[in-house]
Structure formats: structure tokens, C-alpha cells
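> Each chain, written out:
2 protein chains.
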Amino acid sequence: MRIGLAQINTIVGDLAGNSRRILDAYRSLVSDGAEIVLFPELVVCGYPPRDLLFKRRFITDVEQTTREIAAQIGDVPAVIGYTEANPTAHGRTAFNAAAFCHRGIIIASARKCLLPTYDVFDEARYFEPGLHPTIVEFGGLRIGLTICEDIWAQQQVLTRQLYGLDPVKWLAGEKIDLLLNLSASPWYNTKNNVRLTFVSDAAKACACLTVYCNSIGGNDELLFDGRSVACAADGSTIAGLAAFREDLRVVEVGKNISAAPSLHLTYAQPELADIYDALVLGVRDYAHKSGFKKALLGLSGGIDSALVATIAAEALGAGNVMGVSLPSVISSQHSKDDARLLAQNLGIAYHTLSIADTVAAAEHTLQPLFAGRPRDAAEENIQARARGLLLMALSNKFGSLLLTTGNKSELAVGYCTLYGDMCGGLAVISDVFKMQVYALSRWINENAERKLGRPGRLIPRNTIDKVPSAELRPNQTDQDSLPPYAVLDAILKGYIEDGLGRRDLIAAGFDAVVVHDVARKVDLNEYKRKQAAPGLKITPLAFGVGRRIPIVQKYVS
Amino acid sequence: MRIGLAQINTIVGDLAGNSRRILDAYRSLVSDGAEIVLFPELVVCGYPPRDLLFKRRFITDVEQTTREIAAQIGDVPAVIGYTEANPTAHGRTAFNAAAFCHRGIIIASARKCLLPTYDVFDEARYFEPGLHPTIVEFGGLRIGLTICEDIWAQQQVLTRQLYGLDPVKWLAGEKIDLLLNLSASPWYNTKNNVRLTFVSDAAKACACLTVYCNSIGGNDELLFDGRSVACAADGSTIAGLAAFREDLRVVEVGKNISAAPSLHLTYAQPELADIYDALVLGVRDYAHKSGFKKALLGLSGGIDSALVATIAAEALGAGNVMGVSLPSVISSQHSKDDARLLAQNLGIAYHTLSIADTVAAAEHTLQPLFAGRPRDAAEENIQARARGLLLMALSNKFGSLLLTTGNKSELAVGYCTLYGDMCGGLAVISDVFKMQVYALSRWINENAERKLGRPGRLIPRNTIDKVPSAELRPNQTDQDSLPPYAVLDAILKGYIEDGLGRRDLIAAGFDAVVVHDVARKVDLNEYKRKQAAPGLKITPLAFGVGRRIPIVQKYVS
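If you read the sequences in order, they're chains A and B.
Heads up, the first sequence is in numbering that gives the first Met the number 0, so the first residue is 0 and it goes up one at a time.
Heads up, the second sequence is in numbering that gives the first Met the number 0, so the first residue is 0 and it goes up one at a time.
Treat the hints loosely; a few may be bogus.
Same chains, same names: a pair is fine if it fits in one copy or spans any two.
[What the hints assert, rightly or not] No farther apart than 25 Å at their CA atoms in a straight line, the calculated lysine-lysine pairs in the BS3-like style are these: (1) Lys-396 <-> Lys-520; (2) Lys-553 <-> Lys-335; (3) Lys-335 <-> Lys-396; (4) Lys-553 <-> Lys-293; (5) Lys-292 <-> Lys-527; (6) Lys-293 <-> Lys-492; (7) Lys-190 <-> Lys-54; (8) Lys-174 <-> Lys-203; (9) Lys-527 <-> Lys-492; (10) Lys-553 <-> Lys-465; (11) Lys-465 <-> Lys-527; (12) Lys-292 <-> Lys-190.
It should be emphasised that the hints constitute simulated quantities derived from the structure, not laboratory data.
Work out the full structure: start from the sequences and follow the hints.
See the structure below:
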């Protein structure tokens, strides 16, 4: 049987546009010989629709759109993720479902049984669970239909079994011939092997061909990597679709199971390549899906803005990116030189706007109220906010998306200025720790030739090698107020991502004074993160929708 | 039996501080003759703890703290909301529970059965549900223990029955003598009667005295109003505790059921008084719980900042509030006069900082890049951002909390400048529609004498009467770009709070062009709200944690 996988990029809520994308993919795969076509989870409305589901007409609009799509489906069936209205007055208003469409109508609807309600997922807020998986009999085959989490019952969330039902085990007792899974599974940096294992294990448990079709694209913070796969009954991978881009593929199975030997290669690329691809996709989709062709950012000469500029140039095209150097009276010459060199290397537009006059005017205006008080963080923040003001003026005037350049380490400890360097519509590397920023920058340089088809270093050597500094006062370095980044990042990973307490970190060998200082800063700066731009998620626990810490709280672990 | 209600104000995560508050209240109520003492839901850790629950030691720390509290409990039992660790490896890590403490130990733990997972609540993310309510036999009485939502099973959420179990019905079949409910039920403007009905209905269903103890205090966006009540077996209210402040009360029941005839008066105060009290509490608790004694805000001479200044003066004391007029070259004289008059009326500090120099410097710096382009929103935003920059400099220098003054109508349509007038740590009236801002301001003036003990108008008449304007360009008024506020607010309520679509609103008689324009603006400005300060919630649907709309989305209803 030839199965068509439609790994397509949809826009949340864009029912008309998604319809066209679905039908285009369907027709293309049918013409390539597909005998059944599989789409991702909630492909009709995009994922995650979040509280759009509470708009009174949303679910019926999605259903109506799905029926209109079904009307275009011919002899080759299509399995399409959509929202099915709950026909009863009990429980949530909808099911997260798969429409099995054939010859103009929806002949069966399969409901998602396991509703993820952790991290970035709130499905218990929206959906009523199905009681068990659905089996459709079609063309002499018994086809098991599952949706995303349904095949993840055995995962350990907080080292616990979350679910009472295991849909895969349930289907294993039903002698099915084919297992389909529609997914919208966002990528993060440790997910690849886990996901492949679940698909493979499901194939083995049900002893049948198992085909998994995942979303691709960036939707706000979430980055869907695609990488749809098919596994044979023995669990071996027989096909793998592209990572981080749309892909349509007809998977031929049966006698020629080994026909596609290298296809699961996409799961094997290095982690840094994955992160880079994910961030490029995230910038491109956030910008393009919200109508921006162009982006701009401040270039400090430092490594964070250099990395973001490089990603933006790849995502949007160098001609659509503007870098702006915003020196103050205390900015070093190397900051300006390194920024200009980076812009040259990338081929992006480059401008210099001095903040000196704006800062001087603001300080002069404040002088009567500030008289007699020592200079402190207030004056440092004026510099950062003058930069934000000028960059936002450019964003408003030219219709360009301002990108913020702060990394996860800075954002964690509040080493950033609210309404200053935190200004911007998208935080490109806010889930990338500083040590990863270095690693990614070195990797980019090493791969520059391959990526851009020309030799030479992209990110200036001095940008990578120099001592990091915010340059908000003379001779300042990051390490005046922070521990070395290797130490800081390790503490932050433990404290934020792993939920460890101060006691645990000290017991693990970190210096107690440093641990207390870092933990205190993380807690204290929740208010800044509350007002941060949405940030692209690349780890199991990013700041943003997946991490919900009260602002005013006093827990000391 | 004499039941002590401990309606106390806790701080999220402050286990040591909350312990002291609990034991102080316990001892006070025991000395007043209580024979059992009832506390609010999750009182040991504060509500809502959110993802603090995922910190590895949090649940065990709360359990340990609760055991330490229990060790101080004597012959008079106390029922205390806490997190009970889930002893199995299945399901979520904890139960939202009530510890029945007596003579030094926890003698029973009752688990919350219904876990609200809508609006601001994410309890399915954190807790495993109890299978049925718990009954404790104590002193010859059968006491039913429920937690908050457990008595709300019959509520209509989105006109639906969410739950399969009704703990009240279950208890009604168990012949109990006393029903206790521990709550952390945040206030909004239509909740009073609903809540009273549920307590009363539960009393009638179980045919016994029903005592409901609610949290009080502001925790980030949420405002808990207290208003604990006791209802007799016939459903009549026999005691009601204070609204929006701490209250300890021993409720005497039995023969003298009518002993407290006027106590449920707190439920009957006018809605505007409730809103005012709620906002005052929200400002006070947000500031004090996060360590701020002082606040500041920009005073434009307009009604929004006048209302926020009035609330802040009441919350923090006039001597702790600073109002700053930030005129531009196009600000009208009445703006400055009205701002000064307001500050005089309130008795708050008042300063004037011209933004002219900072704006001129920024525009001069941008001139080479802006040359030849017409003036537009970019220049208007520079003014708003220069104000934000100066206000934040004052906030940083003096350690004062900056309050933002935007109302819900503005925030809905994006009639505000990100990093400009949106700067601030707390959005005091971001859930108050503009027409309510007028109503509340008039109500404040009418009640000024009663509230402040002296005659005269607080908010200047001209501030209330004048045509609203952002004054970002000459002769601008809000109605240049927005429909009249009465129309705008009605459309916004339908579109945002009621989930109506454009079609529904047009069918309801609103002008189609206006409806499309307003809906478009609401959708387009999700990115601004993503970066807004936390806002005090006073309606069933506020911007913030209770409303989760994707930023990049294209649904047109």
C-alpha cells in the first residue's frame, strides 16, 4: 500500500488558507500514486489554536471547513486533523479528532484519547478525551487511528506515568493492519530519539506498519520540525521525511520495505544543526506569517546579536535585514568595528545611530530630580532604553520586525533591561544558554562555507573571543556581576529546567554563595520575563507559556 | 458548635510566613471560643502556586510545613489547605487537599475532586483529583470536607456541565452534620451572587450547616475577596465575613441561628464599590508583597491616570505616591493644570518633566534615516517612549513601582504604545473598560467625602468632562481613530468576553465597518498584550493568564 504523508506548514486560524494547503498536498500526493493520504493533527485550524477554541463559532467553522475539504476528497481517502464538536452538553465543547474522508464525506471521526496538559500544552482546557482509539475498516484493512500523545502513554513526565489508558496497548489487542498517527509535536533538543522510539515501539506492539505525520513550521514560540516517519512491523524505520521544512512523500511498503534506506538520516543531524534550523524556521515563520518581510536588530559587536543577525539573514534573506550599531560615549571601538564587520560578512544593511544625544537629553531632564544622588543602574538603563526607543522608531517607520538578542542565561538572571534591550517582537535566542550561543556561533563559522556557498568566517573572531560586556559603564564585564557562564549555565539548568533547589545544587558541588545569588536573581526577575517578547523554544523547558511561575512569590527551596 | 473562620491573606510560596499567619489566626480564634477552625484552600503555600509545584522539593516542603503547623494544633482541630504528595507513581505528583489537624498530627486528608481547568485555572496541569469527597468523624459529627470547585459542579462553564461527579450530591447521600469548604476563589464583577447560591444550595442539598472559608488578598493578577459565609441547613445565610480584607470570625450556630442578622451585607455593596476595593487591594498587595512601599505614575491630566492615581493613593498612602506630568510641545495647558490639581486633591507628590529635549534628540539622531519620509506613528510613539524612559528612570532611581494607566478598551484595540505608556510593573485598570473608568471616577468623587473624611471633588471635573485625547499630535482625539467608547466597549465585550464573531455583532445591530475595524485591531494587537504588565482581573475574562490567544493567527469569525 502506498501511503502519502503530507507534512505541511499551516497558519493557526487560517481556515481558508489551510484548506488550500491541504487540498494542494492531497492532489499532489494522489498524483504521485498515494492510496491514502495522512495529514498532521489539527491541520485544518493549525496548532495550537489555544483560546480561539472558545470563540463561539470556531469549532463549527473548523467542522464546516473540514466538510468542505472532504467534499473534494475522491477515491483516495484522506485522514485530516480537525476539531469535532462534542454533540452532548457534557464535558468540553470539542474533541481533538481525525476525520477519515472518502468520496466527498467524513466517513469516520477518531478522537484523541490522551490530552497533554503539561509544559506548553493545555489540552484538558479545551478538549474532551476519546474513550479509546478508533479503528476504521477500509479497503480490506483494519486501520488504527491515533493522535499525537496517544502513542506517548509510556512517556515519563516528571518521572511519572500520567495516563490510565494506553491506546497503543489497546490497539495491540485489536489485530490492526495499519497504525496511523497525526501529530503536532513541537521540537526541542532532546526529543528526536524519544519520538522515534515511540513510533517504533507502537509498530512493534501492534505488529503492523505505523505511519506518523507531524506538523512543520513555527507558530509563535513553538517550532514543529516535521520529520514524519514510517516504521515497519518489526520497528525498523523505513521512511523519514525532511526536518524543519515541508515535505510530501509517498511511502511504498510491502515487499520493497528497504526501498528508502537513508531516509531517517534527518533524525541524525547534530544537535547544533537542529537548533540552527529550528531558529531559522522560527524567525522566518514568525515574520512571514505575521506579514513582515524585513527585520532589524541592534548590533553591539557582541556574540548574541551576531548570532541573531546570522540567523535572521538566513531566515529572511540578507537583503531584508538591517543591523544598527547604537554606540554610547563609552562604547569601545572594537564594538563598532566588530558590528560593521559582521554586517559586511552577512551582507546586511548597516547603520550607526549614536545614543549620546538622547541619553544626554534624558539625563539633563532628570537632573533636577536626580541631583545629589550617585549614578547607578538607573543611568545604565537609560542607555539601554534609548537604544530600544531608537530601534522601535526604525521598526515603526520602516515596518520591520525588531528582533531581540538576549540569551537564556541573561534572561534568567535579569541581566537585561526591560523596555531596553528587551524591546522587540520576537526573542530569537531566549531559550539558548550563553555557552550554547558560543557553540552555535563556532558551528556556524565552521559550516559557513557549506551554508552560504562561499569561504570565510561569518561571525568575527573577535566577537567570539572577546570578554563579554554589556558596555553600560566603563570597563564593565559580564563577570563583574555574574559567575563564569559555564558555571552559571549549569546552575540555571538545574534550577530552572530540572527543578532543583538551592540545597540540591550546593550538594552537587556548586559554591553556596553563587547558588543563592543566582537563584535569588532568577526569582527576582520573573517580572521582566512576564513582559518579554515571545521566545523560540528549543529546550524541554523554555521561558514563556511552558513555565508559569508567579511574579510575587517567596518560595526558597 | 462554634466554628472559627480564618480568612487570611497569604503570600505565594512563603511557607514560613504563612505558617505564622495560620498559627496566629488559629490561636486568636481558639481564644475567641472556636471549637474547630477552618482555613482557605492551599493556605500553606498560597494560591495559585502554579509551576512552583514542579520544583522538586515544593510539595514535600509544603507537606513538612503542614506537619509542623499540625504539631501546634491542640484540642481544637484545624482544617488547613495544603498539597498532599501523591504516594503512587501514577498520575500527577500531588493532590490539592485539606489537612484535618488535631492534637499535633494530621488525622485525615481530604482531596479536591473537581479541578478547574479553564479561565485562569490550570489545576489539571498540577493535581490528581480525589475520587470522592472525604468525611471525617469528629466529636460525634460527620463532617464533609470539600475544596472550592467541589461545590461548583452545577456551574455552567460555556453553558456546559464540565464534570461527571457532583461531590455535593455525593455528600447529600451520606447524612453529614456539617459541610466545610476551603476556597481560593478569585473575585470578578459578576461572581457574588453565583458563589452565594452555590454555598446555599450545598447547605440545602446536604441539609446541614455549610461553612465556606475563602482566601483574601491580591496575588499577581488575581484578587481574592474573602467574603467567607455560613449557611444554615435551609440555605439561609447566617454569617458573612468582610470583603477585600482579612477577617477572623467565630460563627456560633445552633439555637441562636439569627444571631448575626446583617452579616451578609458585604455581598450587597454596589459593583463600583467592589471594583474600587478590589483594585485598591490589588495595588497594595502587589506592591507590598513584592517589597515596594512607593509607587509612581505619569499624570496626563486624563481620566485613566487620574483614576489610577486615586486608587494608588488609597492603596499605599498619598505620601507614597508620586505623580509626574510629562508634557510635550503639543500638550495642552489643561493637561498640565488638571494633572496638578489632581495631585493637590490627592495630596501626592507632583513633578513635571518635559519630554521635549529627549524627543528632539531622538528625532535629530534619526533624521538621516528618516529624511524624506512623512511623520507618522513612529514619531508619536517616540513621545510615548520618551515618557516611559523617564518614568522608568525615576522608578529605578527611587525604588518605586511604576503603575501603568491604560484601560481595557485601549489595550484591546492597541491604542497604546508598547514600551511607552505600557511601561510599568502593574496594569491597574487594564481590565476596566473606558465607560467603567468614567463610572468609577464619578463614583469616587461622589464618595470622596465618605472615603477620605473631607469634602470636595478628588478627580477634577475637567478631567472627567473633557474629550479624551492621547495628545500625541495636535488636536488629536481618541475618536479620530476609535468609535465612541460606549459603542467600542459593547463591541469589545461581545468580541472578547462573550466570544462573539463579527457576524454575530453585525447581526446584533452594530455597524459592519466598525465591527470589522475593531475586531481587526483586537487581533492585530495581541503582540502588544503579550508584553503587557500583569493586570488586575475584575471581569470573568481579563487579558493575561485567563485569555490565551495565539499572536500569529488569522481566524476571522
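> Confirm or reject each hint.
Hints and how they fare:
no., hint, verdict
1, Lys-396 <-> Lys-520, "between (36 Å within a copy, 19 Å between copies)"
2, Lys-553 <-> Lys-335, "neither (42 Å within a copy, 40 Å between copies)"
3, Lys-335 <-> Lys-396, "within (24 Å within a copy, 30 Å between copies)"
4, Lys-553 <-> Lys-293, "between (42 Å within a copy, 20 Å between copies)"
5, Lys-292 <-> Lys-527, "between (28 Å within a copy, 19 Å between copies)"
6, Lys-293 <-> Lys-492, "neither (34 Å within a copy, 35 Å between copies)"
7, Lys-190 <-> Lys-54, "between (33 Å within a copy, 22 Å between copies)"
8, Lys-174 <-> Lys-203, "within (12 Å within a copy, 53 Å between copies)"
9, Lys-527 <-> Lys-492, "within (19 Å within a copy, 29 Å between copies)"
10, Lys-553 <-> Lys-465, "neither (37 Å within a copy, 44 Å between copies)"
11, Lys-465 <-> Lys-527, "neither (27 Å within a copy, 36 Å between copies)"
12, Lys-292 <-> Lys-190, "neither (31 Å within a copy, 46 Å between copies)"
In summary, the structure is inconsistent with hints 2, 6, 10, 11, 12 from the numbered list given earlier, while agreeing with the others.
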